[in-house]
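**Q** For the sequence shown, our numbering assigns the number 2 to the initial residue and increments by one for each residue that follows.
Bear in mind the hints are in silico, worked out from the structure with no lab data behind them. There's no promise every hint is true.
What the hints assert, rightly or not - Have a look at the derived ranges for each label pair, beta carbon to beta carbon:
(1) Leu181 / Arg29: 37 to 43 Å
(2) Gly184 / Gln31: 40 to 46 Å
(3) Leu265 / Pro81: 36 to 42 Å
(4) Asp154 / Thr7: 35 to 41 Å
(5) Gly182 / Glu62: 28 to 34 Å
(6) Asp153 / Glu62: 34 to 40 Å
(7) Arg145 / Pro65: 30 to 36 Å
(8) Gly80 / Thr7: 17 to 23 Å
(9) Thr264 / Ala63: 42 to 48 Å
(10) Leu181 / Gln11: 41 to 47 Å
(11) Pro171 / Gln76: 31 to 37 Å
Backbone N, C-alpha and C define an ideal beta-carbon position, used for all residues, glycine too.
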Amino acid sequence: MDLKMTDRTQFVRSLAEEAAQLALKLRRDQGADFIQAKGHQDFVTFADRAVEELIRARIEEAFPGEDVLGEEEGQTGDGPRLWVVDPIDGTANYMRGGADWAVSIAYAEDGVLRHAAICAPELDVTIWSEKGAGSWTRHDGQERALALSTCDDVRAGTLMLGWSGRQPVPSHLETIQNALGAGMEYRRNGSAVISLLAVAMGRAEGYWERYVNPWDVFAMWLILEEAGAVIETLPVLDYIGSPKHFLAMVPQLETELRAIVGTLPPVD
2 MDLKMTDRTQ FVRSLAEEAA QLALKLRRDQ GADFIQAKGH QDFVTFADRA VEELIRARIE
62 EAFPGEDVLG EEEGQTGDGP RLWVVDPIDG TANYMRGGAD WAVSIAYAED GVLRHAAICA
122 PELDVTIWSE KGAGSWTRHD GQERALALST CDDVRAGTLM LGWSGRQPVP SHLETIQNAL
182 GAGMEYRRNG SAVISLLAVA MGRAEGYWER YVNPWDVFAM WLILEEAGAV IETLPVLDYI
242 GSPKHFLAMV PQLETELRAI VGTLPPVD
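Go ahead and model the full structure; you've got the sequences and the hints to work with.
**A** Structural data, given as structure tokens:
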């Protein structure tokens with residue numbers, strides 16, 4: 002097993018783990034203004050902003066002048082080298098003391114995802130990937146290559162679902178009905194990264210969301226591709242500034258999962 006990483010991959014893995022530890026500390030030490038509302042069922046905490054500031058500072062120290070797109074502070078420029086950051090994916094879970102949240106960091110060059118890492122500290126999971134070099138995980142004190150589910154019967158499978166207010170409720174319910182009608186279980190946990198982690202760890206066979214932001218999925222996109230998953234997406238740069246659909250699935254159930262999801266939404 003070859004776990005050798007390039008300097009940039011080592012950097013993104015270490016940074017995701019450092020940022021996750023800061024998020025844990027800030028939740029323990031939270032003050033009166035720790036939680037704020039951005040919109041309906043859309044929250045931000047002091048930790049979201051502080052963790053993103055840390056990540057941006059570390060990137061600037063290590064790779065001066067490279068652009069960063071973060072959920073909380075936006076994008077710094079439109080150069081060919083871009084870091085995409087979600088300081089805490091699953092903020093609603095995080096602020097309520099739940100474990101289903103993660104730090105997510107991806108690096109793209111000329112519109113191609115090259116390096117990625119996520120850290121879900123309360124699940125004791127770090128996953129990292131480098132284009133062309135596979136995907137790896139540290140869990141339960143061991144490091145190993147990722148292994149997707151080998152389930153080849155949709156009636157024994159699980160579909161992870163994401164939803165936001167951008168998607169009409171009837172279309173979301175139709176997907177649930179299609180999954181149940183095919184004999185498939187479904188789950189929704191409030192974090193795209195954690196849902197995609199379930200696919201990456203072999204605990205689910207697919208993930209679908211009609212509208213996602215780049216920081217929600219870019220890291221897990223590369224991680225899952227390198228692990229052998231089928232990803233139905235648009236070009237990387239098409240996600241910048243406009244949420245788009247995202248479908249990830251194990252290859253042996255691709256036909257069944259595409260039928261459950263149905264017609265993909267038109268591109269804006």
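**Q** Starting from the range 28 to 34 Å, see whether the pair Gly182 and Glu62 falls in it by beta-carbon distance.
**A** 52 Å, violated
**Q** Quick check on a hinted range of 35 to 41 Å for Asp154 and Thr7, using CB atoms only.
**A** For Asp154 and Thr7 the Cβ distance comes to about 39 Å; the hint holds.
**Q** Assuming the hint says 40 to 46 Å, is it satisfied by the Cβ distance from Gly184 to Gln31 or not?
**A** For Gln31 against Gly184, whose Cβ atoms are near 43 Å apart, the range 40 to 46 Å holds.
**Q** Verify the CB-CB distance for Leu181 and Arg29 against the hinted window 37 to 43 Å.
**A** 40 Å, holds
**Q** 31 to 37 Å was suggested as the range; check whether the CB atoms of Pro171 and Gln76 agree with it.
**A** Taking Cβ atoms as reference, Pro171 and Gln76 lie about 33 Å apart, which means the hint holds.
**Q** So does Leu181 sit 41 to 47 Å from Gln11, Cβ to Cβ?
**A** Taking Cβ atoms as reference, Leu181 and Gln11 lie about 43 Å apart, which means the hint holds.
**Q** Determine whether the Cβ-Cβ distance between Leu265 and Pro81 falls within the hinted range of 36 to 42 Å.
**A** About 28 Å separates the Cβ atoms of Leu265 and Pro81, which means 36 to 42 Å is violated.
**Q** Between Gly80 and Thr7, does the beta-carbon spacing fit 17 to 23 Å?
**A** 20 Å, holds
**Q** Should the hint that Asp153 and Glu62 are 34 to 40 Å apart at their CB atoms be regarded as holding?
**A** Since Asp153 and Glu62 have Cβ atoms about 47 Å apart, the given range 34 to 40 Å is violated.
**Q** Honestly, do Arg145 and Pro65 meet the 30 to 36 Å range at C-beta?
**A** The hinted range 30 to 36 Å holds for Arg145 and Pro65, with Cβ atoms some 35 Å apart.
**Q** Note whether the CB distance of Thr264 and Ala63 lies within 42 to 48 Å or breaks it.
**A** Cβ of Thr264 to Cβ of Ala63: about 43 Å, so the range 42 to 48 Å holds.
Checked against the numbered hints given earlier, the structure breaks hints 3, 5, 6 and satisfies all the rest.
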